[in-house]
Amino acid sequence: MTSRPVRIDQVIPSIVERDAVSHHTLEAQHVLRSMGFVSEIFADNWGPGLNGRVHPLAELPREPGGGQWVCYQASIGSPAAEVVAAHPGRKIVNYHNITPAEHVEAWMPSLGEEVRLGRRQLAELAPLCELGIGVSRYNAAELDAWGYRRTAVAPLMMDLSALDVTVDPRLRAELEVAKETAGSDWLFVGQMLPHKAHQDVVKAFACFLDLFDPNARLHLVGRPSCSPYALAVRRFAEAIGIAAAVDFAGSVSAAELSAYYLAADVLVCCSEHEGFCAPLLEAMHYGVPVVAYGTAAVPETVLDAGIVLGSKTPVLVATAAERVLSDPVLRAVLIDRGRERAREFTLEAARQGFSDAIEQLLATVS
Amino acid sequence: MAPGTDVVADAISEIVAEAGRLRGGGRLPAGYEDDLERQFTSVAQDPEALGRAVDAGALSRPQAYRFRRPDGPAQPDDRPGERRGLGQMAAGASRRSLRTARGASRRGATVARRVAGPRLRSLERQTLDQAGRLAEAIATRGQVTADHARRLASSGGSSGRLDRLSPGGRTLPAATPAAGSPRSAAIGSTEPDGPAAMVADWALERLGRGSGGRVLHVECAEGGLVRRMAAVGYEATGADPAADTSESILRGGALERLGVERRSSLGGLVLSGVTEEVSPASARAIAHLASSRLRPGGVVVIVSAHPRRPSDDDPITSDLTRRRPLHPVTWCHLLARYGFGEITVFDPSGGAGGATGALYAVAGRRA
Chain Y
1 MTSRPVRIDQ VIPSIVERDA VSHHTLEAQH VLRSMGFVSE IFADNWGPGL
51 NGRVHPLAEL PREPGGGQWV CYQASIGSPA AEVVAAHPGR KIVNYHNITP
101 AEHVEAWMPS LGEEVRLGRR QLAELAPLCE LGIGVSRYNA AELDAWGYRR
151 TAVAPLMMDL SALDVTVDPR LRAELEVAKE TAGSDWLFVG QMLPHKAHQD
201 VVKAFACFLD LFDPNARLHL VGRPSCSPYA LAVRRFAEAI GIAAAVDFAG
251 SVSAAELSAY YLAADVLVCC SEHEGFCAPL LEAMHYGVPV VAYGTAAVPE
301 TVLDAGIVLG SKTPVLVATA AERVLSDPVL RAVLIDRGRE RAREFTLEAA
351 RQGFSDAIEQ LLATVS
Chain A
1001 MAPGTDVVAD AISEIVAEAG RLRGGGRLPA GYEDDLERQF TSVAQDPEAL
1051 GRAVDAGALS RPQAYRFRRP DGPAQPDDRP GERRGLGQMA AGASRRSLRT
1101 ARGASRRGAT VARRVAGPRL RSLERQTLDQ AGRLAEAIAT RGQVTADHAR
1151 RLASSGGSSG RLDRLSPGGR TLPAATPAAG SPRSAAIGST EPDGPAAMVA
1201 DWALERLGRG SGGRVLHVEC AEGGLVRRMA AVGYEATGAD PAADTSESIL
1251 RGGALERLGV ERRSSLGGLV LSGVTEEVSP ASARAIAHLA SSRLRPGGVV
1301 VIVSAHPRRP SDDDPITSDL TRRRPLHPVT WCHLLARYGF GEITVFDPSG
1351 GAGGATGALY AVAGRRA
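Read top to bottom, the protein sequences are chains Y and A. For what it's worth, our numbering labels the leading residue of the first sequence as 1, then goes sequentially. For what it's worth, our numbering labels the leading residue of the second sequence as 1001, then goes sequentially.
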């Protein structure tokens, strides 16, 4: 017989502003407190804007007697996982997906080691945890495969309405002028990391220029987190003669991101691995049709609200983009379904999902 | 909805069929898609085009160290170590400057209170802030100058500024670098090879995790790394005492160059060369300078020769010998103490040592 805990604290390796997992953790704290638990966040590192809201990991209480549970927010390998493993309280893992090393290590050996460590730590935590919560069914399935005895799905707590910020007027005007001149606008949003496969978007875009629209533009928005890879993609665009049509926008502000979404005619995603892929929902929120390669969690994020392809050969992706741009009926259906799908991911619904997962666990173990 | 009746599912089927027709229809040259793939592979494997070799096998496992930040702010001039000759005088000058500046600020504040009364309270606060920053800058510069003096003295060089600081100062024995070890500034050469190339790759990758913004490479040699940073979109600047002056590479004392940067103005910072001949006290000053010049989220990468010796496994005995490269664990502690997190060490040899392990790098993110 287990009594209801008094507190459920969260542990996260690193928490900063403007980061999806960090925002989720802050929201989870809000939910846990609203459920009546004492709940604090403990981290190895935190951004300056979170001073006072986050405590050093070394100060994580170790209350005996089952009154304290710990929820670990897992997205990378970290010594914080070992602190959780050694903690006497009952444990929950909230899994945001860790990209398998084979997708990144050829370009970023150090990141390869970190993700390998992270996945190993998650497997080691499995027998110690009461519950594993995946932010997608794909993630929950990974937790199942590692041997977690109970798993649940509770979506990422993201606030799509926060995207409705003031649009950057200068960028909006620039993009509009280009659009009025000629050509359509492709968009992909994601850090320039090898598993995002920017090169496959560039290949498909090159094919689109050759086959359908020589005046089109491709905007690649996202921080060049892996410099050699980012440079290779840029060199590739130069080598095949389309560099002038590719905009390597880099990291942008929320107002600039909003301008890119508003100008986009289609969002094309060729990622090799995604645990959820928030930009797909962001595009749907803005009424931008999605063409995506159906790998990992992408199909369950998109469902029937986008064109999900079984392969990402350049001709196939280019043909899909052309169809989305030229077929008004299909385009209207995708925009409607996309907006509807995005509405399913309201912050309130995600909060409820997380709360339900915790309540069901408590009912099971009590 | 039944299969075959959904407009999206139907469209996907038609798209697949249309793509097949396009492939075989002669609108694209034979082998078009394979050629695109070949071109990307060619770029990805061309070390000249990328300025690097994509060789995962050659880059061994990094070691990761993480430390909790200590409570309370660190001070740049706490627990000064042993100083002699030129270094002692420079460090003494820095302490005197600090005392003088603090005394002046207190006296100024007293006068302001007596003469001007409450209306000038805000001006008083501003004066105190400015005096405090000045005192801190003088103290930091003093620590750095002390080691700069030692370096110049040991290399036989001199300058008018040093003569003024220490007329008659004696020449100290030269540092003893590890046999055959490349200087860490080799990461800035035009075509780095071996461990320097691996460390340069790693530094670029770490900088990519930062918050963006201007990046400075202190003691950048030929500016090879600066050019690579610029090529991937950074606003990159280098500083090197011996560098050819160009738009992106500035001649002059490297640490002095860092000292004149505005607070919180840098998004990334690479330190090499100067990191190898510092005393523990000056290393603290470097860590403080890095912390104060980087903005939150900024990344520092410290590159150094490894102090490999028979006592290699014991960082304490390795590091108490002044003016030798520091052990990576020491830099980790310093970075943690001066407000850095996500601290990671890269050893190109994966701990095996040898020629590949002659260099190492430590990176941290400014909290």
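Hints listed in this document are in silico derivations from the structure and should not be mistaken for laboratory results. Model, not experiment: these values are computed from the prediction. Positions of the beta carbon are idealized from the N, C-alpha and C atoms, including for glycine. Worth double-checking, as some hints may not be accurate.
Label pairs and their in silico Cβ distance ranges [as the list claims (entries may be wrong)]:
{"id": "1", "chain 1": "A", "residue 1": "R1027", "chain 2": "Y", "residue 2": "P127", "range": "52 to 60 Å"}
{"id": "2", "chain 1": "Y", "residue 1": "G52", "chain 2": "A", "residue 2": "R1214", "range": "23 to 31 Å"}
{"id": "3", "chain 1": "A", "residue 1": "R1038", "chain 2": "Y", "residue 2": "P214", "range": "43 to 51 Å"}
{"id": "4", "chain 1": "A", "residue 1": "E1235", "chain 2": "Y", "residue 2": "P169", "range": "19 to 27 Å"}
{"id": "5", "chain 1": "A", "residue 1": "R1262", "chain 2": "Y", "residue 2": "G287", "range": "19 to 27 Å"}
{"id": "6", "chain 1": "A", "residue 1": "G1024", "chain 2": "Y", "residue 2": "G287", "range": "48 to 56 Å"}
{"id": "7", "chain 1": "Y", "residue 1": "P214", "chain 2": "A", "residue 2": "P1241", "range": "50 to 58 Å"}
{"id": "8", "chain 1": "Y", "residue 1": "R53", "chain 2": "A", "residue 2": "E1256", "range": "33 to 41 Å"}
{"id": "9", "chain 1": "Y", "residue 1": "A363", "chain 2": "A", "residue 2": "S1264", "range": "46 to 54 Å"}
Part of the chain A face toward chain Y, derived, beta carbon under 7 Å [as the list claims (entries may be wrong)]:
{"id": "10", "residue": "I1012"}
{"id": "11", "residue": "A1019"}
{"id": "12", "residue": "E1235"}
{"id": "13", "residue": "A1355"}
Now the hints, each set against the structure:
1. R1027(A) with P127(Y): 52 to 60 Å: 57 Å, holds
2. G52(Y) with R1214(A): 23 to 31 Å: 30 Å, holds
3. R1038(A) with P214(Y): 43 to 51 Å: Cβ of R1038(A) to Cβ of P214(Y): about 23 Å, so the range 43 to 51 Å is violated.
4. E1235(A) with P169(Y): 19 to 27 Å: 24 Å, holds
5. R1262(A) with G287(Y): 19 to 27 Å: 43 Å, violated
6. G1024(A) with G287(Y): 48 to 56 Å: 35 Å, violated
7. P214(Y) with P1241(A): 50 to 58 Å: 51 Å, holds
8. R53(Y) with E1256(A): 33 to 41 Å: Distance hint for R53(Y), E1256(A) holds at roughly 39 Å.
9. A363(Y) with S1264(A): 46 to 54 Å: 50 Å, holds
10. I1012: 6 Å, holds
11. A1019: 4 Å, holds
12. E1235: 12 Å, violated
13. A1355: 19 Å, violated
Consistency with the previously given hints fails for numbers 3, 5, 6, 12 and 13, ordered from lowest to highest.
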